[in-house]
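A.B. asks: The lines below spell out each chain.
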Amino acid sequence: MTHIAFQPAGPSVEVEADYVVVGSGAGGATAAVTLARGGARVVIVEAGPWRDPDDYPSSVYGAMRDMLESWGSTFTRGRAFWPLVQGSLVGGSTVINSAICVRTPGDVFERWQREMGVPQSSLADAVWGAQDELERELSSEEVPPAARGRSNLLAKRGADALGFDSHFMHRYVKGCRGDGQCLQGCKADKKQSLNRNFIPEVLTRGGSVLSCAPATRIVFEGQRAVAVTGRFKHPQTRQNGATFSVRARKGVVVAASVTHSPLLLQRSGVRNPMVGKGFRAHPGAPVFGCYDEAVDMNTGATQGWASMAYRDKPGFKLETLALPLDMLSGRLSGAGDLLMERLTEFRHIAMWVQACRAESVGEVRSTATGKPAVHYTLHREDMLRFREGMYLVAKMHVAAGARAVLPSIFGMPYKLAPDEIDQLKDASLDPRAYVSILSHLFGGCMMGQDPARSVCDGNGRVHGYANLLVADASAIPSNLGVNPQHTIMGLARVWSQRMLEAA
Amino acid sequence: MIWLIAFAMRAMMPRTAQLPGIADTDLNGFLRRMRQDAEPLYWVGLVAGAVLFALTPLLTLGIPLPAFCLPKKLLEKHANKLLSHPSYMLRQSVFLVRLSAGMCWGADPAVRARFALSPYAPDPGSFRTS
Ligand SMILES: Cc1cc2nc3c(=O)[nH]c(=O)nc-3n(C[C@H](O)[C@H](O)[C@H](O)COP(=O)(O)OP(=O)(O)OC[C@H]3O[C@@H](n4cnc5c(N)ncnc54)[C@H](O)[C@@H]3O)c2cc1C
Ligand code: SF4
Numbered sequence: 001m002t003h004i005a006f007q008p009a010g011p012s013v014e015v016e017a018d019y020v021v022v023g024s025g026a027g028g029a030t031a032a033v034t035l036a037r038g039g040a041r042v043v044i045v046e047a048g049p050w051r052d053p054d055d056y057p058s059s060v061y062g063a064m065r066d067m068l069e070s071w072g073s074t075f076t077r078g079r080a081f082w083p084l085v086q087g088s089l090v091g092g093s094t095v096i097n098s099a100i101c102v103r104t105p106g107d108v109f110e111r112w113q114r115e116m117g118v119p120q121s122s123l124a125d126a127v128w129g130a131q132d133e134l135e136r137e138l139s140s141e142e143v144p145p146a147a148r149g150r151s152n153l154l155a156k157r158g159a160d161a162l163g164f165d166s167h168f169m170h171r172y173v174k175g176c177r178g179d180g181q182c183l184q185g186c187k188a189d190k191k192q193s194l195n196r197n198f199i200p201e202v203l204t205r206g207g208s209v210l211s212c213a214p215a216t217r218i219v220f221e222g223q224r225a226v227a228v229t230g231r232f233k234h235p236q237t238r239q240n241g242a243t244f245s246v247r248a249r250k251g252v253v254v255a256a257s258v259t260h261s262p263l264l265l266q267r268s269g270v271r272n273p274m275v276g277k278g279f280r281a282h283p284g285a286p287v288f289g290c291y292d293e294a295v296d297m298n299t300g301a302t303q304g305w306a307s308m309a310y311r312d313k314p315g316f317k318l319e320t321l322a323l324p325l326d327m328l329s330g331r332l333s334g335a336g337d338l339l340m341e342r343l344t345e346f347r348h349i350a351m352w353v354q355a356c357r358a359e360s361v362g363e364v365r366s367t368a369t370g371k372p373a374v375h376y377t378l379h380r381e382d383m384l385r386f387r388e389g390m391y392l393v394a395k396m397h398v399a400a401g402a403r404a405v406l407p408s409i410f411g412m413p414y415k416l417a418p419d420e421i422d423q424l425k426d427a428s429l430d431p432r433a434y435v436s437i438l439s440h441l442f443g444g445c446m447m448g449q450d451p452a453r454s455v456c457d458g459n460g461r462v463h464g465y466a467n468l469l470v471a472d473a474s475a476i477p478s479n480l481g482v483n484p485q486h487t488i489m490g491l492a493r494v495w496s497q498r499m500l501e502a503a
Numbered sequence: 001m002i003w004l005i006a007f008a009m010r011a012m013m014p015r016t017a018q019l020p021g022i023a024d025t026d027l028n029g030f031l032r033r034m035r036q037d038a039e040p041l042y043w044v045g046l047v048a049g050a051v052l053f054a055l056t057p058l059l060t061l062g063i064p065l066p067a068f069c070l071p072k073k074l075l076e077k078h079a080n081k082l083l084s085h086p087s088y089m090l091r092q093s094v095f096l097v098r099l100s101a102g103m104c105w106g107a108d109p110a111v112r113a114r115f116a117l118s119p120y121a122p123d124p125g126s127f128r129t130s
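Chains A and B are the protein sequences, given in the same order.
Each residue of the first sequence is one higher than the one before, counting from 1 in our numbering.
Each residue of the second sequence is one higher than the one before, counting from 1 in our numbering.
Source of the hints: derived by calculation from the structure; they are not laboratory data.
Please read all numbers here as calculations on a predicted model, not as lab measurements.
Yeah, the Cβ is synthetic: ideal placement off N, Cα and C, and Gly gets one too.
Please note: incorrect hints may appear among the correct ones.
Counterexamples of contact, computed for chain B against chain A with all Cβ distances above 12 Å [claimed, not checked]:
1. Leu59
2. Pro64
3. Leu65
Label-pair ranges, simulated between beta-carbon atoms [claimed, not checked]:
4. B:Gly62 - A:Gln236: 43 to 49 Å
5. B:Ala17 - A:Ser428: 47 to 53 Å
6. B:Lys72 - A:Tyr414: 18 to 24 Å
7. A:Arg79 - B:Ser84: 17 to 23 Å
8. B:Ala17 - A:Thr216: 36 to 42 Å
9. B:Ser126 - A:Gly10: 19 to 25 Å
10. B:Lys72 - A:Ala242: 50 to 56 Å
11. A:Thr344 - B:Lys73: 16 to 22 Å
12. A:Ser12 - B:Ala113: 28 to 34 Å
13. B:Arg33 - A:Gly78: 42 to 48 Å
14. A:Arg247 - B:Ala113: 32 to 38 Å
15. B:Ser126 - A:Glu293: 57 to 63 Å
When you get a sec, could you build the whole thing from the sequences and use the hints?
C.D. replies: Pasting the structure below:
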């Protein structure tokens, strides 16, 4: 077993494997362990460094520096500049996510069949079967009562009072302590991010990991992918190191995320004009509630409560989310004495979000420097959904007993009394009035049967290439309306098993 | 450029009777670290935001002076007007200054103690090298 971290400039690092997997997040790590369990020798090539819980940062500054892609400074280019948040380290975004695990709803497969011609019968059952396995392997558990924390309990109270279904979440966590630090990586090592299980398993099965190793190209011989090349990059100094080349005897799996997988294919000469098309997201935005009693939202699971009651219509998911003080204090509006006065209420604030099941479609392109640029703007129907979600969260806060609601929408008062929240019904529909964050991303290498409308087929295989697989969120051709990692992992498992069988 | 950014941040998060201000934290140390660590694009955005903050009292208050020349009350008014300016580009360009100020202030042990939060352990910045 080998792990090769940053190598300074010098002789090129040459490695050989059956399969090379580019990217080690939800999709890549799952594909890699599945291939390794099937007896293949696997090499994972990951752009970021390998950090263990002792290496995890505590502060938001540390998380931006050590864990986020480009310091979280990738923004949508469109009417509004909304940040896209993704992890860049071994384990990918699973290290910084909240570990929420939701099975793929049946309507998602129906839609893929209807819109993209992906046969539902062969995929749905296989993915659900894989999700059964993943839930066992990664210990999907409901947030335990001791880790629920006040914010999650208040949200349940609000939903119950309004009479809609909601639940404490299932997450890939073993014995959550409720430290509320999921977004900076779980130092208590309870969260089952994939750097803690699947990737070490690949090593024990004879595989290798190249970290600090952004892949720049896939090399082809005819229509076969035969190698992945790139150059090591130091995570602190950003200095370039040695070049590397990993020969792939049997196949290459691309799982470098929604923003990077399309660019890697383009750079490597995959000429399908659909590469980069079909970007989608679940843009999320918070509404804060201010309570008489202390909420201390950072105590308890970072995200512990959710509702799917409005997933189909109007189309949003509701969730709790605890922001650390060093993030929230940069996020509340105002400046000077006014801001400091607002901050005195920090302990009394609960933050809940709506994640909009947006239908708007964007595109991932490359900038002149080779970085991803995401062109994306929400259209009016999505903004109506978005605003309705905000209003419902405000209503939940009031139903849960909040003394005031902080809508966090440009043009609205900072605080609304409970009897004033109907003002939210008329809030602006201009995306620029909202500070939204995009962390559930889809598309760029969409799956579908028709090569003129998609990049890969219903088995993840890139059209026109015998042994090139896409196994990450970029293959997903629609929004899901639920948290995506379980779907991504389910697809990655099924598709890599099929790749093994085909070999 | 650090002094320029620190000036904007101090205006945004001053000390009050109830809470320490950003000047009570190791702001210069924070900014020095950030200059070294941050993606060049992030740092450029931060500097641009601070420059804009210093130069725009004419736009926010109609006063043709740089922000350094404003007394405290007017400086606060300028900061609030800029952060809530009708022009999206203007308010967005100081967003990074505000966000980064929050990161510095909210990670300070004395500030955290005010909210019954335990101090952060240092960010090791380490990773597997073999
Ligand atoms: C803060 C946050 C919270 C979230 N919470 C949840 C949640 O609770 N539940 C849920 O279901 N989903 C959640 N998500 C979303 C979920 O984590 C992602 O949808 C999922 O991880 C995406 O999987 P992926 O394999 O497509 O990409 P990622 O997991 O992002 O992995 C991609 C990897 O590829 C690497 N890479 C990129 N370019 C290259 C290259 N050129 N060469 C080599 N490597 C490269 C990256 O460094 C990264 O490690 C959250 C996301 C975020 C950011
Ligand atoms: S809430 Fe805390 S203990 Fe639980 S998984 Fe997240 S970081 Fe780990």
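A.B. asks: None of the hints should be skipped; say for each whether it holds.
C.D. replies: Structure-based check of all given hints:
Against chain A, the non-interface label of B:Leu59 holds: every CB pair exceeds 12 Å, the least being about 15 Å. Every Cβ of chain A is farther than 12 Å from the Cβ of B:Pro64; the closest lies at roughly 21 Å, confirming the non-interface assignment. A cut-off of 12 Å between C-beta atoms confirms that B:Leu65 is not in contact with chain A; the least separation is 18 Å. Checked against the given bound of 43 to 49 Å, the beta carbons of B:Gly62 and A:Gln236, roughly 46 Å apart, stay inside it.
As the Cβ distance of B:Ala17 to A:Ser428 is approximately 35 Å, the hint placing it in 47 to 53 Å is violated. As the Cβ distance of B:Lys72 to A:Tyr414 is approximately 21 Å, the hint placing it in 18 to 24 Å holds. A hinted range of 17 to 23 Å holds for the C-beta pair A:Arg79 and B:Ser84, which are about 19 Å apart. In this structure the hint that B:Ala17 and A:Thr216 lie 36 to 42 Å apart at CB is violated, the actual value being about 56 Å.
Distance hint check for B:Ser126 and A:Gly10: the Cβ-Cβ separation is about 23 Å, which falls inside the suggested range of 19 to 25 Å. In this structure the supplied range 50 to 56 Å holds for B:Lys72 paired with A:Ala242, their Cβ-Cβ distance being about 55 Å. For A:Thr344 and B:Lys73, the hinted distance range of 16 to 22 Å is satisfied, since their beta carbons lie about 20 Å from each other. Checked against the given bound of 28 to 34 Å, the beta carbons of A:Ser12 and B:Ala113, roughly 52 Å apart, lie outside it.
Checked against the given bound of 42 to 48 Å, the beta carbons of B:Arg33 and A:Gly78, roughly 33 Å apart, lie outside it. Distance hint check: the CB atoms of A:Arg247 and B:Ala113 are about 56 Å apart, inconsistent with the given range 32 to 38 Å. In this structure the supplied range 57 to 63 Å is violated for B:Ser126 paired with A:Glu293, their Cβ-Cβ distance being about 40 Å.
The structure does not agree with the numbered hints 5, 8, 12, 13, 14 and 15 stated previously, though it agrees with the rest.
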